[in-house]
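Number of protein chains: 2
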Amino acid sequence: MICEILCVGTELLLGDIVNTDGAFIARETAALGFSSYHQTTVGDNPERLREAVNLALSRSDVVILTGGLGPTCDDITKNAVADAFGKKMIFDEATRADIEAYFRRVGRPMTENNLSQCWVPEGATVFYNKWGTAPGLGIEGEIGGQTKYAVLLPGPPAECEPMFEACAKPWLARLSDDVIYSLNLHLWGIGESAAESILRPMMESSENPTVAPYACEHEVRIRVTARARTLEEAKALCRAKADEIRQTDVGEKIYTETDNPFDAKNAVVTTLIGELRRRGMTFATAESCTAGMIGSSVGDIPGASDVFVGGIISYTNDVKERVLGVPHETLETVGAVSEECAAAMAEGARRQTGADIAVSVTGIAGPGGGTPEKPVGTVCFGVATEKGTHTETRHFNGKNDRAKIRRLTTANAMMLAIRTLRGDLAP
Amino acid sequence: MICEILCVGTELLLGDIVNTDGAFIARETAALGFSSYHQTTVGDNPERLREAVNLALSRSDVVILTGGLGPTCDDITKNAVADAFGKKMIFDEATRADIEAYFRRVGRPMTENNLSQCWVPEGATVFYNKWGTAPGLGIEGEIGGQTKYAVLLPGPPAECEPMFEACAKPWLARLSDDVIYSLNLHLWGIGESAAESILRPMMESSENPTVAPYACEHEVRIRVTARARTLEEAKALCRAKADEIRQTDVGEKIYTETDNPFDAKNAVVTTLIGELRRRGMTFATAESCTAGMIGSSVGDIPGASDVFVGGIISYTNDVKERVLGVPHETLETVGAVSEECAAAMAEGARRQTGADIAVSVTGIAGPGGGTPEKPVGTVCFGVATEKGTHTETRHFNGKNDRAKIRRLTTANAMMLAIRTLRGDLAP
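Taken in sequence, the protein lines are chains A and B. Here the first sequence is numbered in this note's numbering, starting from 1 and rising by one per residue. Here the second sequence is numbered in this note's numbering, starting from 1 and rising by one per residue.
Same shape as in the complex, but just chain A:
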């Protein structure tokens, strides 16, 4: 089954909002085993919307539309889809009762224009909307001798996402025989092209699962994706391929595995939290150029308070000295961006918070503040444990912007703590 997403909304074309519906539905339909080759966005224009609906239904089995369903949209989406399927619009009394009940629930009067939402294509499955007023729809019919399916959902993510889960997903699941499962292998200390040159033979020879590298800002991932009749079978295929990858030269660069977007995005910090939890150890931070970004990243993870006690943001030299106890002469002689300062910061954070392990960062995020000896992108790291303190200096590309240097610094600081905990670094 080929599935295509068609998002309707002029605000998307103007860039006023980011299309998160598209990513959400894409992820969900991929997990249902549908293939996806196109995603399209059009505005609230009847003619172009009709063209887009017809094109999508001509090349895909299932078209999922989001947006263009509210009381002020003149129902252009519903009518375009009904016409494509050659279906009449009928007034649905059950939808009317549902919308009236919604307005009673939120205690607001229902305006007349809401009644336009009660017109639905004949024979459609109505997805009642518990999160707003515009109902969703599931439509099935013959087009050009083939059975085609359309799903219509409201655009606001707070309605689209729960309605997809509750209504559209079960309606669609009956159409798919397969399940798709992806496993991400997260690499540290190797670039995309080096990883790819090692894995190219496997990438070319593997069809199920497929193997593909994916470079993000701070790391490279290898994505292993399998299609099978059951989730267990797909997982087993991915497991076997991942084990094969672990036998290559890429293997020792794998620091963790994830199988969903939240964990993938937070792979460094969840790995750090896992290593701390496993050892019953607590963690603290001393941040200068990141100004709290490391702490905030740890706080992104629910339950981080098991292992994260807190930290000190020492943006100025004065705070480095008075709160973290960095010696005045260190700041006067070698300066704040030095391994000596990083060491004193990490030790100070450990002493102040009582944590078992503390990391520190002090660097030049730019755009100003660089010198020939310490250009923008120079960052000194420290990691202090009861065994001692390790320091190192990294030079991130000075042409990177401030935000990127700070994000790279954050990932590197956490990875330094992971390597320390795993015993990969001499303290």
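Please keep in mind that the hints were generated in silico from the structure rather than gathered at the bench.
Identical chains share a label here; the pair holds if one copy fits it or two copies do between them.
Below, in silico cross-link-like pairs of lysine-lysine (DSBU-like), each with a Cα-Cα straight-line distance of 30 Å or less:
(1) K169 x K404
(2) K404 x K265
(3) K130 x K265
(4) K235 x K253
(5) K130 x K148
All values reported here derive from a predicted model rather than from experimental measurement.
Given the structure of chain A, go ahead and fit chain B onto it with the hints provided.
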């Protein structure tokens, strides 16, 4: 000029990443005065990519492609576009030198597959990439008797966005006769529908500039957009309309104005920094549930070290007590999520760092940790100055996710400091 965005990437079709490039470029091209009717996403499949390129070039004057340019993509995007324009690929020595220089700068060896990035369509303008390796391209040519334009940019937002600004934007600007200018009026303490009901007559009667409300997560903005032959003329039109809006009941809710996406996104924090700088005052933080997000947001702004000295992340009660001096009995009796604790945290941060003003937050970000008395979303704030300490409690919607509650807490904490500095709050 009609402009269309075509994003290339299987990871977009799978929903692994959200398409922020599309929104960014849509906003930028709208500001250049281009019209936009379609956005499309396709995967790394040569045949479907060719079809999509040809369709886009048939219906639009300018096609902007993102993604599909890395060393591992087999250059399918470049070749598809070159073929559509009927142009040969040539090896560009200047690009080779630029990529070699990039690898020297980051201190990694260049692998052979990077050389594939040096092949460019004949006559193309090469946009050298200071943020990565894959160069971007500007291509101009006749297709079916009409002059068409294509721009190719790498997919990663950290490369796509600065390359658009530095290279593609000036290349595209010469194609437009008009200039579009937008002024954002940032509101605090009023919802979207209330703002809209006040401004509706103006929204309906204004054609140039247009007036539109835009609800973001933490605030409502009124966007005033003018089209004119010169930037000065467009700015003057927006200024007059903004002054008119300031005369309405919305006027007193405007806390700042911005005219570009970076400032708009950071309006709260830049307003805070401006208020501090104007008074020659310094700022510190004491963060529990935000875990460093307030400090990190201040650190996002270059030059924040003028006014931001640092802060304490007190994630556990122990750190609240030992570093910030929150009384043990406060934590034992009313608990960490209390205005008493928030007051002691803000005062402790001020004392420890020596800052003139300190804000504190302590709350329940969820998903766990809520109780009937203090449900998820309950956050206590404190703001301490030499004049005394103000506290208040906010209840963010418990249905919000953890990340959103923390972001709302961050914006509210900074706004509390702004209101204190402006004298809008009794301490």
